Amino acid sequence: MSGFLTLPLLWAQAGAPAPPRVPAAAAPVVNIAPQWIPALKWLYLSGDPTFTTNDLFGGFLTWLKAVSLLCLVAWIVSWMVIGIKERVVGQGRWYDYIGVLALILTPVSVLLRVLESVHRIPVYTIQGNRVTGIVALLCVVCYVVWIEVAIGRTIKRLGRPLDLLVLFAIHLALAFGLGAGVVLQRIGFLSLIMPTGPNFQLGWRQGLIYGVRMSATFMGYIVFARIAIRCLAELVGVRGRRLYSIAVLSWHEANRKMWAPWVVLVVFLLVLAFTHWFLQPPRAAEMGRLYVGTLSLLCSVLITVMITILTPLSLPNDIQQQTIYTVVSKPTRRLELIWGRMLGYMALVTVLVFVFGGVSLLYLWRTVMTAIRTTEAQAVKAKQENRLTEYKLLSEQADQLRTRMQARYPVKGSLSFLDSRGTPHAMGIDVGQDQSMREPRSHIEGATSSAAIWSFGVVPDPFSPPGRPPIAIDRRIPVSSFLQPGTIDGALDKVYALQMQIDADKQAKTQPNLPASRMSQLDAGITRNQAELDRLRGEYDALRKKADDLLAQSAKAQQEGKLAEARDLKLAATKLSSPDITVEMSFNVYRTTKGKVGEPVFAEIQAINPRTGREYLGDVFAVKEYYTNRVKLPAWLLAGSNGALRIEIRCMTPTQYLGMAESDLYLLLPPGNFGFNYMKGLFGIWLQAMVLTAIGVCAGTFLSWPVALLTTIFFFVAGELAFAFLVDFSRQAIMGGGPFESLIRLLTHDNQMSDMTPTAGVVLAKTLDSLVMPLMSMIVYLVPNFQALDVTNMVADGFAVSWGLMGVNTLLALAYALPFSLAGYLILKNREVAA
Amino acid sequence: MGKSMGLPGSPVPTADSFILIVEGVRVMSHEVIIETRNLTKVYRDFWGRPKVQALKALDLQVHRGEIFGLLGPNGSGKTTSIKLLLGLLFPTDGEALIFNEPTTNVAKNERIGYLPEESYLYKFLNAEETLHFYGRLFKISKAERTKRVGRLIDMVGLSGAKHRQLREYSKGMQRRIGLAQALINNPELILLDEPTSGLDPIGTSEIKTLIRELREQGKTIVLSGHLLADMQDICDRIAILHRGELKELGKVTDLLTVQDVTQIKARNLSPGAIDEIRELIRRHGGEDIAVDHPTTTLEELFLRIVQESELHPGRRKVAQDAGRADALVAGGRSKP
Ligand SMILES: Nc1ncnc2c1ncn2[C@@H]1O[C@H](COP(=O)(O)OP(=O)(O)OP(=O)(O)O)[C@@H](O)[C@H]1O
Ligand SMILES: [Mg+2]
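Line order of the protein sequences matches chains A and B.
Numbering-wise, this note's numbering puts 696 at position 546 of the first sequence, and it's gapless, one number per residue.
Numbering-wise, this note's numbering puts 308 at position 141 of the second sequence, and it's gapless, one number per residue.
Some hints here could point you the wrong way.
EDC-like mimics (lysine to aspartate or glutamate), calculated; alpha carbons at most 16 Å apart, straight line [stated by the list, open to error]:
(1) B:314 with B:335
(2) B:218 with A:236
(3) B:275 with A:384
(4) A:407 with B:335
(5) A:542 with A:569
(6) A:407 with B:212
(7) A:235 with B:295
What follows is a set of in silico ranges between Cβ atoms, one per label pair, in the way DEER data are often shown [claimed, not checked]:
(8) A:389 with B:271: 10 to 20 Å
(9) A:383 with B:204: 25 to 35 Å
(10) A:207 with B:271: 48 to 58 Å
(11) A:387 with B:369: 34 to 44 Å
(12) A:820 with B:306: 32 to 42 Å
(13) A:383 with B:479: 42 to 52 Å
(14) B:479 with A:386: 32 to 42 Å
Bear in mind the hints are in silico, worked out from the structure with no lab data behind them.
Keep in mind the model is a prediction, meaning the values are calculated, not measured.
Just so it is clear, CB atoms sit at the ideal spot from N, CA and C, and this is done for glycine as well.
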């Protein structure tokens with residue numbers, strides 16, 4: 151019942167059980183009326199902890215499920231704790247013996263399973279069922295009985311009517327989930343939805359397991375709803391004046407008691423004063439990147455350290471020094487105590503972010519901008535003195551520096567490959583280099599027909615699973631940002647668009663048995679559009695002619711020696727077209743021994759507008775390693791593209807390989823302001839601070855300040871440095887087993903892949919790991935993904951932080967901060983502040 | 168508490184209360200402001216094991232418009248009772264109602280003022296900021312709040328020090344600003360935990376005057392303390408707690424009347440008449456001449472109760488009903 155297990159939660163995290171390996175002999179039984187499928191899908195989607203859709207809604211749903219499951223666990227744990235404290239549980243009544251039995255059986259069953267898996271004991275079976283499985287089941291049953299009875303009795307004795315209602319609803323949810331699981335299996339829906347396809351048949355046990363997974367979520371929803379209602383009731387009472395009052399208090403506390411912002415500011419200025427001493431860029435062109443990165447890191451470190459120390463101290467001090475008595479005996483709501491504090495600290499962070507941002511921008515302006523200007527001056531001088539290689543080097547350097555001090559808006563495509571025989575693939579050749587987990591890199595071979603293709607527009611995802619209709623992804627180019635209205639190319643785009651509309655209408659007319667009304671509608675449309683098309687054509691031709699005239703005049707002026715006039719005329723002519731489209735590429739070169747080091751590797755770019763069929767073949771260029779290649783595409787290429795484009799890259803140097811990842815090539819929109827972008831980057835730090843504040847304040851509601859401080863530090867370190875590791879951990883994807891097994895490997899210098907001889911120590915380690923791992927993997931749901939909030943790398947690379955990304959990150963930060971702050975409220979509400 | 172003892176807010180009683188002052192006899196409302204039923208508090212340690220039973224089955228009623236004193240030796244549960252009333256602690260058993268609402272209801276705090284026992288103010292704020300901070304927690308307009316802050320600071324005699332941070336304040340000064348914050352919302356019910364501790368004699372007498380003044384405005388006041396002379400002066404009713412148990416409850420005047428001693432005072436009585444009276448008394452087995460009920464001091468009563476309780480632990484019979492009924496008519500009259 152009640153708790154029916156924290157175990158389904160753990161299973162959920164360990165991943166869905168693998169479908170049985172043996173395909174069913176009989177044909178699949180899928181007898182569902184198609185109109186039921188969407189409803190069933192929704193049922194499964196809402197219930198299964200790991201099944202989700204791949205969009206913002208899916209993200210929300212996953213969040214909801216995780217929060218609900220945590221609510222459920224917290225609910226069970228808190229009632230068990232109340233039961234123990236109020237002497238309902240742990241007093242030697244019959245169900246307590248069952249609890250003890252469960253606690254003993256847990257390590258025993260895990261130990262048995264480990265022994266079995268390392269073949270120290272044979273696989274015993276009773277009527278076809280493994281003994282280990284039976285012991286595990288017995289253990290689970292014991293837990294269920296114990297928790298069920300304990301919580302049931304505790305609530306009956308101490309709970310309010312609402313608690314009884316929740317208990318009842320949870321049982322309903324449990325029954326519903328289990329029933330749903332079995333029914334979904336019976337009608338074959340589960341087999342249908344499994345990645346293995348409908349040909350694998352699942353037994354009723356799988357149905358039950360899926361039922362348990364779903365019921366855990368459903369029970370979680372019940373507890374979540376109960377908590378949500380409670381929080382909403384509290385929310386109604388929250389008043390701005392009280393929030394403001396508490397915020398002002400925290401502000402004063404931070405300022406006058408801890409001196410925090412001043413300390414932080416002094417440290418910031420001190421570090422800044424010595425930055426140029428210890429910051430030596432490896433390449434001159436990297437200077438801006440290094441400085442921007444370091445400064446934002448400095449801001450981030452200072453602010454997070456300040457918040458980490460400040461927030462967990464505030465509430466425990468308030469409680470310990472009894473100052474809180476005076477506040478809570480006023481009509482202050484507990485939630486206001488928490489949000490007010492967060493508000494005060496965030497106000498502090500906001501001020502600091504602006505101060506830090508302003509100072510660092512000033513600093514960057516003085517250092518990097520000066521460096522750019524001197525480099526450019528040197529380049530000009532070198533050119534005047536005819537030192538051409540040096541000129542090229544210097545201007546390249548200045549260019550790279552300038553690139554980073556911008557806010558470039560990249561337009562990214564979807565990358566796929568052609569192999570050397572011209573067959574399409576999702577990935578190119580893996581040359582065995584180190585891979586970044588975030589983005590896989592693969593290579594194309596030089597002087598073959600292999601190519602890397604970036605597709606823009608609405609394109610099929612190259613990684614869609616085979617055998618199913620491909621998933622479309624939207625990578626459309628914002629054409630109107632490239633082709634300005636009033637230019638030749640803008641007019642051409644309109645002409646194309648209209649022409650395509652007319653063609654489509656004509657096509658529609660050819661359909662058999664079209665109703666007369668529709669037919670006349672189409673006809674009218676065609677005539678109207680045709681007239682419009684003629685007008686636009688005229689406009690386009692006029693612009694063309696004007697440009698040609700200007701060019702002719704310019705040529706004439708040139709001949710007559712009126713150079714200035716010729717230049718002006720030419721400029722006026724180019725102004726009539728939209729500016730060229732910049733494509734930036736940064737590839738890496740994988741050199742085989744056959745090539746010579748230092749000799750450039752060449753590549754070729756070809757761009758095709760798939761809708762008009764127009765093509766552009768760029769010059770062959772030498773790939774700049776570590777730097778960015780820039781190629782201009784003519785604007786007319788995009789006319790009529792409706793956002794679609796295909797860019798193909800080929801390596802021209804035989805036997806050499808060119809490596810690329812999807813984000814290595816992009817079109818550039820007109821850049822934005824760097825300073826503004828830098829502040830947007832700092833907003834990411836602001837969000838981090840917000841999450842951290844929520845954690846710190848929440849920890850302070852029930853822990854003494856040293857423990858609260860440690861907890862907050864733990865959360866920050868785990869989220870900032872170890873999040874990826876934790877995720878791998880929860881998926882059990884770490885090589886060499888859990889912490890204990892790894893320790894043994896460390897001590898015995900065993901390698902991570904080998905199977906260890908099953909000595910007693912190894913068995914013990916594996917057992918301990920199996921017990922600890924599920925608990926550890928719970929942490930992944932609690933630890934915020936701080937890294938995702940940090941976008942300063944983008945800023946340092948000179949890329950604009952888009953509003954969309956900021957919005958998503960804000961949601962992400964709220965998704966963490968809100969539950970933490972509400973958990974803090976619930977804890978504060980249920981504790982005696984004066985005990 | 169400087170020259171003006173005028174209080175902020177109106178002295179007009181609220182609608183459902185009425186105080187009649189007829190020739191020195193105050194008639195109080197029947198309305199119950201505080202009620203505790205079987206209120207019990209056991210302090211537990213981390214593991215839930217009982218440590219101290221601080222309050223045992225307290226049954227009390229406090230009516231609108233009275234000054235109620237909580238007396239008891241150190242550690243007898245006075246502060247615990249007040250904390251329970253404010254919802255700072257949760258009762259182990261029983262319940263407490265204020266304004267007929269459970270103590271966990273936050274909204275009722277709009278009508279309550281509370282002066283805690285000690286160290287309860289933010290030391291990094293100054294007097295004015297402190298009062299504004301607490302004032303903003305109530306639904307008071309800004310203009311009204313500013314007015315009240317000024318008057319309260321004047322009233323507690325801290326005008327000269329209002330811009331200094333509280334960490335520089337002496338204990339008495341902190342107590343004064345604490346009192347001011349308890350009155351910022353012009354509360355109907357005021358809970359004062361040892362209001363005179365740390366105050367000089369002048370301050371103490373000012374506080375007593377203030378408390379009486381508050382009563383005249385129809386406020387209900389609950390105060391705890393062990394300065395018996397002060398309590399005797401100002402309380403209408405008192406409860407004496409000893410080790411968490413209610414030992415005595417009633418009107419101060421009644422409690423201090425010694426019922427088994429009779430004292431007769433007369434003027435211009437002839438010696439013959441006195442002899443006759445003596446004779447009469449002697450005939451009835453009496454032995455003294457004074458014909459009246461003398462009153463003791465509260466101090467004597469208190470010491471007696473504490474001594475008795477030490478000698479005979481356990482529940483002492485407390486006349487609940489007497490207190491309740493007599494609370495209706497309190498004042499200068501004594502029982503016949
Ligand atoms: N937080 C606490 N934890 C454990 N025991 C406590 C706690 N607070 C008070 N007590 C105990 O409860 C009993 C009553 O304490 P309380 O503070 O109510 O006494 P009091 O009447 O206010 O005393 P005083 O006159 O000294 O202020 C005492 O025995 C005390 O030790
Ligand atoms: Mg006390």
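>> A range of 32 to 42 Å was offered for this pair. Does it hold for the Cβ distance of residue 820 of chain A and residue 306 of chain B?
In response: Violated: the Cβ-Cβ distance is about 53 Å, outside 32 to 42 Å.
> Should the hint that residue 479 of chain B and residue 386 of chain A are 32 to 42 Å apart at their CB atoms be regarded as holding?
Replying inline: violated (53 Å)
> CA of residue 407 of chain A to CA of residue 335 of chain B, is that 16 Å or under?
Replying inline: holds (14 Å)
> Has the given pair, residue 235 of chain A with residue 295 of chain B, been kept, meaning a C-alpha gap of at most 16 Å?
Replying inline: violated (44 Å)
>> Against the 16 Å threshold, does the CA-CA distance of residue 407 of chain A and residue 212 of chain B hold or violate the hint?
In response: violated (32 Å)
> Within a Cα-Cα threshold of 16 Å, do residue 218 of chain B and residue 236 of chain A meet the stated pairing?
Replying inline: With Cα atoms ~14 Å apart, residue 218 of chain B and residue 236 of chain A stay inside 16 Å; holds.
>> Against the range 10 to 20 Å, how does the distance between the Cβ atoms of residue 389 of chain A and residue 271 of chain B compare: consistent or not?
In response: holds (18 Å)
>> For residue 275 of chain B and residue 384 of chain A, compute the direct alpha-carbon distance and say whether it is at most 16 Å.
In response: holds (15 Å)
> CA of residue 542 of chain A to CA of residue 569 of chain A, is that 16 Å or under?
Replying inline: violated (36 Å)
> Does the Cβ-Cβ separation between residue 383 of chain A and residue 204 of chain B fall within 25 to 35 Å?
Replying inline: holds (26 Å)
> Do residue 383 of chain A and residue 479 of chain B keep their Cβ atoms within the hinted range of 42 to 52 Å?
Replying inline: Holds: the Cβ-Cβ distance is about 49 Å, inside 42 to 52 Å.
> Can the restraint linking residue 314 of chain B and residue 335 of chain B be considered satisfied, given a maximum Cα separation of 16 Å?
Replying inline: Answer violated: residue 314 of chain B to residue 335 of chain B is near 25 Å, above 16 Å.
Hints 1, 5, 6, 7, 10, 12 and 14 from the earlier list are contradicted by this structure; the remaining hints agree with it.
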